[in-house]
Amino acid sequence: MTNGWRLATDRTCGRCGAAAARALRRRRNLCDAWCGIIMDSRTLRSITNGYTNKNIDCIDDLCYDLYVSSHPEENHNDCLEDLPAVDMNLSYSGSTSNSGSEQSTRKNTRTNNDKAVEGSRNKKSDRESAKQKTAVEKAAKKQMQELNKIYKPGECMKYMQVEVHPSFLEKWYAGDIEREMSPSGAKIVTSLELFDPSLVLWKRSVPQTLVSKDGQLDMTPRHEVSDRGLYVMIAADAAQYICEHKLSKHIATVNEMANVKLTLVIFGEQEYFKTASKKRTNNQVMSEVDLEMAISDLLVSTGCDTVVLNQANELALLILQFTKAIAEAPYKQLKRACDEQADFYMRGDNKKCVSVDKDGNGLSCLWQQMLAVLPQSSLETSRALCAQYKTPLDLYETLKLPEGVKTVAELGVTRSAVPGSRARRIGPEFARKLHTLMTAEDGNMLIE
Numbered sequence: 087m088t089n090g091w092r093l094a095t096d097r098t099c100g101r102c103g104a105a106a107a108r109a110l111r112r113r114r115n116l117c118d119a120w121c122g123i124i125m126d127s128r129t130l131r132s133i134t135n136g137y138t139n140k141n142i143d144c145i146d147d148l149c150y151d152l153y154v155s156s157h158p159e160e161n162h163n164d165c166l167e168d169l170p171a172v173d174m175n176l177s178y179s180g181s182t183s184n185s186g187s188e189q190s191t192r193k194n195t196r197t198n199n200d201k202a203v204e205g206s207r208n209k210k211s212d213r214e215s216a217k218q219k220t221a222v223e224k225a226a227k228k229q230m231q232e233l234n235k236i237y238k239p240g241e242c243m244k245y246m247q248v249e250v251h252p253s254f255l256e257k258w259y260a261g262d263i264e265r266e267m268s269p270s271g272a273k274i275v276t277s278l279e280l281f282d283p284s285l286v287l288w289k290r291s292v293p294q295t296l297v298s299k300d301g302q303l304d305m306t307p308r309h310e311v312s313d314r315g316l317y318v319m320i321a322a323d324a325a326q327y328i329c330e331h332k333l334s335k336h337i338a339t340v341n342e343m344a345n346v347k348l349t350l351v352i353f354g355e356q357e358y359f360k361t362a363s364k365k366r367t368n369n370q371v372m373s374e375v376d377l378e379m380a381i382s383d384l385l386v387s388t389g390c391d392t393v394v395l396n397q398a399n400e401l402a403l404l405i406l407q408f409t410k411a412i413a414e415a416p417y418k419q420l421k422r423a424c425d426e427q428a429d430f431y432m433r434g435d436n437k438k439c440v441s442v443d444k445d446g447n448g449l450s451c452l453w454q455q456m457l458a459v460l461p462q463s464s465l466e467t468s469r470a471l472c473a474q475y476k477t478p479l480d481l482y483e484t485l486k487l488p489e490g491v492k493t494v495a496e497l498g499v500t501r502s503a504v505p506g507s508r509a510r511r512i513g514p515e516f517a518r519k520l521h522t523l524m525t526a527e528d529g530n531m532l533i534e
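Read in the numbering used here, the sequence shown has 306 at position 220, and its numbers run on one by one without any break.
No wet-lab data here; the hints were simulated from the structure. Computed from a prediction, not measured in an experiment: that's the story for all the values here. Please note: incorrect hints may appear among the correct ones.
[As the list claims (entries may be wrong)] Derived DSS-like pairs (lysine-lysine); straight-line CA-CA distance at most 27 Å:
(1) K227 x K335
(2) K418 x K244
(3) K289 x K257
(4) K273 x K410
(5) K444 x K486
(6) K347 x K410
Kindly produce the complete structure, drawing on both the sequences and the hints.
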């Protein structure tokens, strides 16, 4: 086999497995001796050029065409018997190894792609989980802000509703209620479900939430009913109950049915006593002493307070006052509970204090106020100390010196109220107390 043949067997045929003649595309000249066949260069060039311009499927086809073109007198229908055998194992082994490596590469690529896809899916799920967590946190924060608005002073009145009977607003002494309530933001709602037209109740609008009750999800009520109420009576109606000694019993019955803590409002007391003294009827007339006794008995027996009013505007202001008190009650109760945990009254610490802004303006006035409130001190003393020692640190460093107390004691204080008077000294006693106050490490030490 010649060198040209070996070049032709470098690659394998993909269809029949024999040694392919792909190298003939790159090599145009074959050797003149091929299995005893002598061909001229023109015939070989014409044949090889034809094969280089198209795909060569098998080396056997090329060899057969070469032999037939050299022996036109013979008709060969069968395969050439004198052609050398091709090493098929070599071709197959190379093809198998190449295909195996390609399959391994494809498998690794597919595995890497699957891992990449799975990683992207995990990242996507993590992003979605983070988004959901952020959304839940935002919703909880928003709900907390809404709850703070509901109970915060200044905002809480917008969520309050005053519930009255429709016939109550038609009475002449209730004409100013809507006019006084509208600027505050509270709403007046009428309800036919009230069993007594004289009742005035309150409720607060709250956001609904899902709660689990006996294994079932349910929504919370839209309104938070207050445990306070008003019971408005005109003086003539109250006099009838008082004269019959039935006022306490009647109020106790209404209190039990309404399930709230009532406050009795007696309207038109002065008008009643003014007209009752002029009328001469057989009906029993209530006196002022009877009214006071009935109010005391009502308070002791039922725990019900009583408010006596004489003007329609007073009734409207009373309802507004109760509305504001009920709206701010949760906030005040929480603040009171926080204050009671301390051993001292924290709300009183800022009494007569000087405000300081974020830029530090007011610190010098605050330092002067701190010195002025000390025992045996005065405004002139604090001014003299602040003029010499601009900050508490300056005074502390001076008092830490061996002669610090004496230095502070010799500091002069001008008497601004007396013109032409001599300046007095701060004195050793006050200087010693300042030294104890500024340098003592024991917080329980008494300054004497």
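So, going through the hints one by one against the coordinates:
1. K227 x K335: 49 Å, violated
2. K418 x K244: 17 Å, holds
3. K289 x K257: Judged against 27 Å, a Cα distance of about 22 Å means the pair holds.
4. K273 x K410: Judged against 27 Å, a Cα distance of about 12 Å means the pair holds.
5. K444 x K486: 31 Å, violated
6. K347 x K410: Holds. K347 to K410 sits at ~17 Å (cutoff 27 Å).
In this structure, the earlier hints numbered 1, 5 are contradicted, and the remaining ones agree with it.
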